[in-house]
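Sequences and hints are given; from them, build the entire structure.
As they're listed, the protein sequences go chains A and B. Using the numbering used here, read the first sequence as starting at 1 and increasing by one per residue. Using the numbering used here, read the second sequence as starting at 1 and increasing by one per residue.
Hint data in this document are derived by calculation from the structure and do not stem from the laboratory. The beta-carbon is built from N, C-alpha and C at its ideal position, and this holds for glycine as well. Be aware that one or more of the hints could be misleading.
[What the hints assert, rightly or not] DSS-like, lysine-lysine: derived pairs with alpha carbons at most 25 Å apart:
hint, chain 1, residue 1, chain 2, residue 2
1, B, K376, A, K360
2, A, K359, A, K376
3, B, K376, A, K280
4, B, K376, A, K376
[Stated by the list, open to error] In silico negatives: residues of chain A with every beta carbon more than 12 Å from chain B:
hint, residue
5, T61
6, Q99
7, D158
8, D175
9, K254
10, L267
11, G331
So you can see what is in the structure, the chains are spelled out below.
There are 2 protein chains.
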Amino acid sequence: MQIVNNIIVFLGFAPLHFRFRPRASRAKLLACASIGRYRIFENTPMPLHRDAILLTPGPLTTSLRTKLAMLRDWGSWDADFIAVTASVRKSLLDIVHGQDSHVVVPLQGSGTFSVEAAVGTVVPRDGHVLVLDNGAYCKRAAKLSSLMGRRTTVLPFDDAQAVSPMALEAALQADASISHVLMIHCETGAGVLNPLQAVADVCARHAKGLIVDAMSSFGALPIDARTTRFDALIAASGKCLEGVPGMGFVLLHKQILPACEGNSQSLAMDLFDQHAYMEKTRQWRFTPPTHVLVALQEAIAQFIEEGGQSARLARYQANCDTLLRGMAALGFVPFLPPDIQAPIIVTFHAPADRAYDFKKFYDAAKRHGFILYPGKLTQIETFRVGCIGAIGTVEMAQAVHAVALAMQDLGIAHGAPASAP
Amino acid sequence: MQIVNNIIVFLGFAPLHFRFRPRASRAKLLACASIGRYRIFENTPMPLHRDAILLTPGPLTTSLRTKLAMLRDWGSWDADFIAVTASVRKSLLDIVHGQDSHVVVPLQGSGTFSVEAAVGTVVPRDGHVLVLDNGAYCKRAAKLSSLMGRRTTVLPFDDAQAVSPMALEAALQADASISHVLMIHCETGAGVLNPLQAVADVCARHAKGLIVDAMSSFGALPIDARTTRFDALIAASGKCLEGVPGMGFVLLHKQILPACEGNSQSLAMDLFDQHAYMEKTRQWRFTPPTHVLVALQEAIAQFIEEGGQSARLARYQANCDTLLRGMAALGFVPFLPPDIQAPIIVTFHAPADRAYDFKKFYDAAKRHGFILYPGKLTQIETFRVGCIGAIGTVEMAQAVHAVALAMQDLGIAHGAPASAP
Numbered sequence: 001m002q003i004v005n006n007i008i009v010f011l012g013f014a015p016l017h018f019r020f021r022p023r024a025s026r027a028k029l030l031a032c033a034s035i036g037r038y039r040i041f042e043n044t045p046m047p048l049h050r051d052a053i054l055l056t057p058g059p060l061t062t063s064l065r066t067k068l069a070m071l072r073d074w075g076s077w078d079a080d081f082i083a084v085t086a087s088v089r090k091s092l093l094d095i096v097h098g099q100d101s102h103v104v105v106p107l108q109g110s111g112t113f114s115v116e117a118a119v120g121t122v123v124p125r126d127g128h129v130l131v132l133d134n135g136a137y138c139k140r141a142a143k144l145s146s147l148m149g150r151r152t153t154v155l156p157f158d159d160a161q162a163v164s165p166m167a168l169e170a171a172l173q174a175d176a177s178i179s180h181v182l183m184i185h186c187e188t189g190a191g192v193l194n195p196l197q198a199v200a201d202v203c204a205r206h207a208k209g210l211i212v213d214a215m216s217s218f219g220a221l222p223i224d225a226r227t228t229r230f231d232a233l234i235a236a237s238g239k240c241l242e243g244v245p246g247m248g249f250v251l252l253h254k255q256i257l258p259a260c261e262g263n264s265q266s267l268a269m270d271l272f273d274q275h276a277y278m279e280k281t282r283q284w285r286f287t288p289p290t291h292v293l294v295a296l297q298e299a300i301a302q303f304i305e306e307g308g309q310s311a312r313l314a315r316y317q318a319n320c321d322t323l324l325r326g327m328a329a330l331g332f333v334p335f336l337p338p339d340i341q342a343p344i345i346v347t348f349h350a351p352a353d354r355a356y357d358f359k360k361f362y363d364a365a366k367r368h369g370f371i372l373y374p375g376k377l378t379q380i381e382t383f384r385v386g387c388i389g390a391i392g393t394v395e396m397a398q399a400v401h402a403v404a405l406a407m408q409d410l411g412i413a414h415g416a417p418a419s420a421p
Numbered sequence: 001m002q003i004v005n006n007i008i009v010f011l012g013f014a015p016l017h018f019r020f021r022p023r024a025s026r027a028k029l030l031a032c033a034s035i036g037r038y039r040i041f042e043n044t045p046m047p048l049h050r051d052a053i054l055l056t057p058g059p060l061t062t063s064l065r066t067k068l069a070m071l072r073d074w075g076s077w078d079a080d081f082i083a084v085t086a087s088v089r090k091s092l093l094d095i096v097h098g099q100d101s102h103v104v105v106p107l108q109g110s111g112t113f114s115v116e117a118a119v120g121t122v123v124p125r126d127g128h129v130l131v132l133d134n135g136a137y138c139k140r141a142a143k144l145s146s147l148m149g150r151r152t153t154v155l156p157f158d159d160a161q162a163v164s165p166m167a168l169e170a171a172l173q174a175d176a177s178i179s180h181v182l183m184i185h186c187e188t189g190a191g192v193l194n195p196l197q198a199v200a201d202v203c204a205r206h207a208k209g210l211i212v213d214a215m216s217s218f219g220a221l222p223i224d225a226r227t228t229r230f231d232a233l234i235a236a237s238g239k240c241l242e243g244v245p246g247m248g249f250v251l252l253h254k255q256i257l258p259a260c261e262g263n264s265q266s267l268a269m270d271l272f273d274q275h276a277y278m279e280k281t282r283q284w285r286f287t288p289p290t291h292v293l294v295a296l297q298e299a300i301a302q303f304i305e306e307g308g309q310s311a312r313l314a315r316y317q318a319n320c321d322t323l324l325r326g327m328a329a330l331g332f333v334p335f336l337p338p339d340i341q342a343p344i345i346v347t348f349h350a351p352a353d354r355a356y357d358f359k360k361f362y363d364a365a366k367r368h369g370f371i372l373y374p375g376k377l378t379q380i381e382t383f384r385v386g387c388i389g390a391i392g393t394v395e396m397a398q399a400v401h402a403v404a405l406a407m408q409d410l411g412i413a414h415g416a417p418a419s420a421p
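Next comes the structure, spelled out in structure tokens:
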């Protein structure tokens with residue numbers, strides 16, 4: 001054991017020289033670690049147990065190794081950081097086999113910033129966007145498109161159904177003015193897996209641009225740019241690649257790139273400009289989220305070591321199966337039929353038991369170590385449980401057990417909804 | 001010494017079970033630390049020395065304590081994270097005494113995203129923005145304003161001068177259609193400190209809206225919302241508050257807030273919408289950069305412990321003085337006269353010595369432990385050195401020494417420029 005600097009940090013939650021501080025309130029225990037001349041976490045409430053596991057579809061639980069990558073500072077202009085940017089960009093193309101057909105443009109902000117940037121950059125100002133809508137995130141995409149002044153039409157589907165390539169076919173035949181189609185690969189509002197390949201085939205046949213929000217599928221579900229034609233595909237750092245949140249990225253087809261110049265009304269979110277500058281200088285135009293990018297590089301390294309997309313899908317599928325099996329045993333009923341349930345996030349009907357209240361249920365599950373996610377459907381009461389992040393079936397089984405304990409705590413006898421579908 | 005989890009990390013650069021890897025190239029030594037079943041930094045090149053100190057105006061060198069705050073994952077919907085958001089928002093208002101007059105709206109992305117969001121939210125679509133331009137970042141602000149379709153007029157000043165309140169007065173008298181004035185408090189293109197109070201007074205007298213880009217001054221230079229009237233003031237996490245980059249924030253005057261509704265053509269960057277949602281739910285509208293925000297909270301705690309803005313200014317001023325004195329002894333001449341030199345970043349004339357080449361100079365200084373910053377002036381050759389970050393006069397003296405060593409390495413006899421001003 002070799003120690004050069006006298007700085008030692010104990011992860012987990014037993015910092016060196018741990019002590020309670022008398023002035024700490026009961027509600028907010030403050031932990032203090034003295035490390036040489038540093039005092040660490042003086043003002044951050046530190047739990048005396050393992051942090052709750054996030055069963056939320058981003059931010060999610062990341063590996064220790066990913067977080068540790070953030071313990072260094074990087075100059076955004078420096079060659080070392082430029083190499084990180086290049087490495088991440090290459091990896092992102094590799095994951096969907098897009099090296100020959102696409103470029104990748106990283107962008108600061110959350111995934112929604114990248115969706116807005118993609119629409120604003122790819123769709124000309126007189127373009128017409130058709131949004132295939134089967135959930136809350138589709139409605140958000142339609143809203144940002146129309147706010148930017150792009151003519152926007154919504155093709156509505158039920159939240160509990162996948163979007164229909166046949167309905168898309170009919171819509172394109174009925175209105176030749178549609179220039180672009182926008183779809184969400186995995187609609188996490190309910191958790192539906194939409195038929196990317198079939199939608200892409202219809203768009204290709206009609207020579208329409210396709211913008212794919214692959215936020216919650218990229219890295220986990222198969223996407224192959226060699227066989228699936230898309231103009232733009234969007235995802236983010238803090239989803240199935242298991243990085244931390246803070247940046248998104250957009251794959252743009254090389255053939256459409258020249259026509260994108262001047263489309264954007266936004267300087268910050270102009271992906272054409274971002275790409276041109278990055279190609280010229282290898283740098284980001286504006287200050288990049290350096291720590292987030294370095295964490296993403298480390299997360300991608302683990303993704304590759306795990307075995308890439310197929311291995312990640314297998315783990316998430318096992319997580320999802322463990323969850324569905326365990327929750328079924330407690331009486332819970334999933335909102336979606338199995339054939340369109342993506343192994344990313346599962347929506348469950350709220351139990352009919354009168355002792356159920358989401359807030360109390362959430363707090364109880366959290367006391368037992370797991371963070372659930374509220375439902376996003378407007379018509380019926382549901383809650384959601386994510387299957388993604390640096391967790392496996394062990395944690396999912398623990399999560400089901402935590403739900404069982406939460407039910408006990410609240411006196412919920414059974415998880416069944418009022419009327420099983 | 002209490003150990004609960006068997007995970008131990010040695011910061012500094014001597015990870016546990018450190019070993020050289022035979023396949024590592026000379027250029028890129030790979031370090032590997034085995035920690036239980038984790039392998040850490042397998043794919044990240046790890047230096048065998050202290051990381052170079054960033055003399056760049058954001059990203060900058062942050063404290064270990066700030067970075068360590070990023071070692072946990074947070075659910076963005078969870079009460080614990082909501083409390084972090086509330087705490088940071090309150091602190092940001094406190095720093096400029098804006099509790100009574102302003103609200104604060106955090107935003108994902110780099111500082112430029114927040115500048116664009118402020119202009120797009122505050123200025124109505126038929127508004128007219130006058131940009132007081134004495135540098136590269138002013139030009140960027142004018143560009144984003146006109147891209148969004150806002151009528152934009154530039155009032156040009158020399159890069160080596162502060163903007164003139166008298167010239168502003170004349171411009172406002174000459175054109176009554178101007179609705180808003182945009183100024184940059186500290187223009188880091190050259191490093192000029194602009195006269196915020198005098199500009200604000202002119203705007204108040206003419207009843208014009210004022211948008212202040214305080215990116216590189218917030219927290220270090222005095223700003224008092226009780227005596228300085230502004231509609232919007234913008235800064236970011238990774239500047240003088242010494243957080244990591246990844247989010248900005250905008251202080252909006254409460255009186256103008258209602259009129260901001262519907263101004264923005266962007267969903268992601270609509271600060272009115274972001275604020276309304278945050279007030280209602282205490283959450284961010286879209287996925288927040290959780291780790292960046294928690295690091296900012298920890299950075300602000302250290303800011304307060306240090307003694308707040310006046311203490312931070314004193315440290316930066318001492319840094320700047322140490323730098324100017326040391327560089328003068330080597331023959332270097334600063335670009336700006338002392339009376340408008342902000343203690344944030346210093347622009348130096350490039351040496352006339354024919355052995356000088358910025359790239360080589362940069363690389364040599366880096367080998368001696370310091371990351372310099374390129375110049376941003378178009379007419380004359382310069383380079384920049386930041387005075388901000390979690391560093392003091394010890395590091396600044398070391399930086400000057402590193403410059404001296406870099407000069408030796410390159411055979412630069414003297415730092416004086418071709419013609420001293």
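Okay, the hints, checked on the actual structure:
| no. | hint | verdict |
| --- | --- | --- |
| 1 | K376/B x K360/A | violated, 55 Å |
| 2 | K359/A x K376/A | holds, 14 Å |
| 3 | K376/B x K280/A | holds, 17 Å |
| 4 | K376/B x K376/A | violated, 47 Å |
| 5 | T61 | violated, 5 Å |
| 6 | Q99 | holds, 20 Å |
| 7 | D158 | holds, 24 Å |
| 8 | D175 | holds, 24 Å |
| 9 | K254 | holds, 25 Å |
| 10 | L267 | violated, 4 Å |
| 11 | G331 | holds, 25 Å |
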